[in-house]
Amino acid sequence: MPTDDLSEAAGAVDGSLAPVGKVLLDRERLHRTLVRMAHEIAEHDPDVGAMALVGIQRRGVEIAQRLASHLEEFYGARPATGAIDITFYRDDLDNRGPAFDQPVVHSTSLPFDVQDRRIVLVDDVLFTGRTIRAAVEALFDYGRPAAVQLAVLVDRGHRELPIRPDFVGKNVPTSRTERVNVSLEEIDGRDEVTLEHPPDTR
Amino acid sequence: MHLISIDDLSVADIETLFRLSDGFLEVASRPIKKVPTLRGRTQINMFFEASTRTLTSFELAGKRLSADVVNIKASGSSVGKGESLKDTILTLESYRPDVMVIRHDRVGACRMATRYTNACVVNAGDGSGEHPTQCLLDLYSLRREFGVLEGLKVAIVGDVLRSRVARSNVFGFRKMGIDVRLVGPPTLMPPGIGEWGVPTYETLEALVDVDVVYLLRMQLERAKGRVEPVPSLREYSRVWGLAPAKLRSGQRVMHPGPINRGVELTGDLADDDRSLILQQVESGLAMRMAILYHVLAPHGEGDAAT
Numbered sequence: 001m002p003t004d005d006l007s008e009a010a011g012a013v014d015g016s017l018a019p020v021g022k023v024l025l026d027r028e029r030l031h032r033t034l035v036r037m038a039h040e041i042a043e044h045d046p047d048v049g050a051m052a053l054v055g056i057q058r059r060g061v062e063i064a065q066r067l068a069s070h071l072e073e074f075y076g077a078r079p080a081t082g083a084i085d086i087t088f089y090r091d092d093l094d095n096r097g098p099a100f101d102q103p104v105v106h107s108t109s110l111p112f113d114v115q116d117r118r119i120v121l122v123d124d125v126l127f128t129g130r131t132i133r134a135a136v137e138a139l140f141d142y143g144r145p146a147a148v149q150l151a152v153l154v155d156r157g158h159r160e161l162p163i164r165p166d167f168v169g170k171n172v173p174t175s176r177t178e179r180v181n182v183s184l185e186e187i188d189g190r191d192e193v194t195l196e197h198p199p200d201t202r
Numbered sequence: 203m204h205l206i207s208i209d210d211l212s213v214a215d216i217e218t219l220f221r222l223s224d225g226f227l228e229v230a231s232r233p234i235k236k237v238p239t240l241r242g243r244t245q246i247n248m249f250f251e252a253s254t255r256t257l258t259s260f261e262l263a264g265k266r267l268s269a270d271v272v273n274i275k276a277s278g279s280s281v282g283k284g285e286s287l288k289d290t291i292l293t294l295e296s297y298r299p300d301v302m303v304i305r306h307d308r309v310g311a312c313r314m315a316t317r318y319t320n321a322c323v324v325n326a327g328d329g330s331g332e333h334p335t336q337c338l339l340d341l342y343s344l345r346r347e348f349g350v351l352e353g354l355k356v357a358i359v360g361d362v363l364r365s366r367v368a369r370s371n372v373f374g375f376r377k378m379g380i381d382v383r384l385v386g387p388p389t390l391m392p393p394g395i396g397e398w399g400v401p402t403y404e405t406l407e408a409l410v411d412v413d414v415v416y417l418l419r420m421q422l423e424r425a426k427g428r429v430e431p432v433p434s435l436r437e438y439s440r441v442w443g444l445a446p447a448k449l450r451s452g453q454r455v456m457h458p459g460p461i462n463r464g465v466e467l468t469g470d471l472a473d474d475d476r477s478l479i480l481q482q483v484e485s486g487l488a489m490r491m492a493i494l495y496h497v498l499a500p501h502g503e504g505d506a507a508t
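Residue numbers (this note's numbering), protein chains in the order written: chain R, 1 to 202; chain X, 203 to 508.
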């Protein structure tokens, strides 16, 4: 049986000044987690060809692709995939002070018919739930799905809206000031999920 | 944050606007062409000069961002009763708009307006001064067509003297690394043109190695009693008017609109595949949405926090 092998990351991987954090999922465990999630998604409804996985920019898109590949591998059909950028749907554009970073907008692409389809939204970290609310609103501008479910790699708690995930990779209790960092090979050069403590409070 | 001159923006700002425009172009391709981003914000478009493209573009841009948009045109407004620009601005300021888009026939009107309002002011054209949003949409059109702006050769042809588009485009194109030259009758080149730092030519032979020919409209409404700068429109079109035969196959034609078929260009060139004129209009809507979004948000880059 695999043990809970949380280990301290001994500083930066690439020599730069990265903050110290705990490794929650290493490459191996991340892979197994996604495999398990893919099976859970199919368990809910095995007709994988009829559904769609929609990743939320930016890392949710990669995770959706990986889940689609696993589903194709295990169940013989690849679900449609798409990407949603929620920048124009955010609810916090009013709370802007000088320190606010204007979000970079990536692309939205839903190359399939949303109408009457089962859609699973995919994101890396579920926190307050506001991103998911925005994604559902954006999705509904494209049509009326039969059902919308949510798959997240990490649920870190602290929900501010009545939103709950259907498929979870790992539940990680966190304090408000901590950060969950998801690194993916395609974007960050490695597969890893770490929990980072803010520098002042130890 | 105001947008009065193209110089108010850095190269990084302009790159940000390109990225935003790509996002808004996608919005325009959906069945529901609307996003809730500026919900509840108030946008007042004040146009003291005629316009089809710019006014419609800004109105639709604001509406597709879910803002409340009001259009005020000079004719039919109290400006006809003699109300000054200052009083007009102060009156409308009482409604606490978030953004005022202003087109006026006097240079400097928009700059002046910033003194009397807390709203973001966007210059939609001030006399023969500047037209920064046109420059931005032109840059975006070029970016969509050619991918890279640096090193592109563009010739601006025609009535440079009275053109605010020419002014903004010379500043803005060069800022992005585009090689700009001006072509036209010497009577239509502004005095002091030497200080602009761009080469000027008198004939269309100067177009031979350019990627894009940017045509300006003959601005008859700005002549107003002065000596005619060219003997006739026919002569203008014969010497400086563009036709498909005068262009190489790889070259493109742009025009800020409205076009005068038969003057700056022949009708069949306007309808040619090499014309980017309608693409400019499409790009203009996306870019104006990007501009409205950008002026109502502070600066800086970063990934969205969830």
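If you are wondering where the hints come from, they were derived from the structure by calculation, not from laboratory data.
Treat the hints with caution; some may be incorrect.
One-sided and incomplete, this derived list gives chain X residues near chain R with beta-carbon spacing under 10 Å [what the hints assert, rightly or not]:
1. 216
2. 218
3. 419
4. 495
Which stretches of chain X does chain R cover? Using the computed rule of at least three CB atoms under 8 Å from a CB of chain R, they are [stated by the list, open to error]:
5. 230 to 236
6. 344 to 352
Ideal placement from N, C-alpha and C gives every residue a C-beta, glycine not left out.
Cross-check of the supplied hints:
1. Nearest Cβ of chain R to the Cβ of residue 216/X: about 14 Å, over the 10 Å cut. The hint is violated.
2. Interface hint at residue 218/X: satisfied, since its Cβ lies 7 Å from the closest Cβ of chain R, which is below the 10 Å cut-off.
3. The criterion of a C-beta within 10 Å of any C-beta in chain R is not met by residue 419/X, whose closest approach is roughly 34 Å, and the hint is violated.
4. Annotation: residue 495/X was flagged as interfacial toward chain R, and the flag holds, the nearest CB pair being 8 Å apart, inside 10 Å.
5. A stretch counts as covered by a chain when three or more of its residues have a beta carbon under 8 Å from one of that chain; for the stretch 230 to 236 of chain X and chain R the count is 4, and the coverage holds.
6. Counting residues of the stretch 344 to 352 of chain X whose C-beta lies closer than 8 Å to any C-beta of chain R gives 0; at least three are required, and the coverage claim is violated.
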